[in-house]
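Asker: Sequence:
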Amino acid sequence: MRHPLDTNALAALYTEARTHSHWTDEPVPDELLHRLYDLTRLAPTSANSSPGRFVFVRTPEGKERLAPALSKGNLDKTMSAPLTVIVAWDMAFYEALPRLFPHADARSWFTGSPAAAHETAFRNSSLQAAYLILAARALGLDAGPMSGFDKAKVDAAFFAGTTWTTNLLVNLGHGDASRVQERLPRLPFDEACRLV
Numbered sequence: 001m002r003h004p005l006d007t008n009a010l011a012a013l014y015t016e017a018r019t020h021s022h023w024t025d026e027p028v029p030d031e032l033l034h035r036l037y038d039l040t041r042l043a044p045t046s047a048n049s050s051p052g053r054f055v056f057v058r059t060p061e062g063k064e065r066l067a068p069a070l071s072k073g074n075l076d077k078t079m080s081a082p083l084t085v086i087v088a089w090d091m092a093f094y095e096a097l098p099r100l101f102p103h104a105d106a107r108s109w110f111t112g113s114p115a116a117a118h119e120t121a122f123r124n125s126s127l128q129a130a131y132l133i134l135a136a137r138a139l140g141l142d143a144g145p146m147s148g149f150d151k152a153k154v155d156a157a158f159f160a161g162t163t164w165t166t167n168l169l170v171n172l173g174h175g176d177a178s179r180v181q182e183r184l185p186r187l188p189f190d191e192a193c194r195l196v
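The opening position of the sequence shown corresponds to residue 1 in UniProt numbering, with each subsequent residue numbered one higher.
Treat the hints with caution; some may be incorrect.
[Unchecked claim] Under the rule of at most 25 Å between Cα atoms (straight-line distance), these lysine-lysine pairs were calculated in the DSS-like manner:
#1 Lys77 / Lys63
#2 Lys77 / Lys151
#3 Lys72 / Lys153
#4 Lys153 / Lys77
#5 Lys151 / Lys72
#6 Lys151 / Lys63
#7 Lys63 / Lys153
[To be verified] Computed spacing ranges between beta-carbons, pair by pair:
#8 Arg183 / His3: 23 to 29 Å
#9 Asp190 / Leu139: 30 to 36 Å
#10 Val196 / Ala130: 23 to 29 Å
#11 Leu32 / Asp76: 20 to 26 Å
Calculated from the structure, these hints are not laboratory results.
Please read these numbers as outputs of a predicted model, since none were measured by experiment.
Heads up, the beta-carbon is just placed ideally off N, CA and C, and yes, glycines get one too.
Let the sequences and hints guide you as you build the complete structure.
Answerer: Shown next, in the form of structure tokens:
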């Protein structure tokens, strides 16, 4: 039987963690990004489909390609973040299913239904984005997930001619703790949950 995480681990992942918009100058080494992905890829997706794709935008040139797609409210915090992850999904994710889910013909579940492929890829890449945020926190990084961008512009700048398409953006780095806002309210159990 597994034991619950201790309060320090829960604090790092949930209770003390915050969305960050301001960053220190501490770099995020490439080795840490490899560890981040290694953790992210272990978490479950439907039929092990793993449709999420991750572009780590960390160079000035990459940031300049991303900047025109950002909303005004997301521009400064993204340009100042050590890196921004474009969380995308591969619209042809099912081509890897013979390797990722070898005990059934899972590829055929999606090749005849673009709607099922889209829904599965979007849902599971969203899950993978959440896994990435928790893995980042577990590795000592802070995260700032975002909507507030022009998806078509991101796709044109980074995914032209590919089967990848953008889901969301996540700024990563070491957040400036002196500039973190108080946690906003969350819905209580009785408003957000039902027991049936």
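Asker: Failing hints, ascending?
Answerer: Failing hints: none at all.
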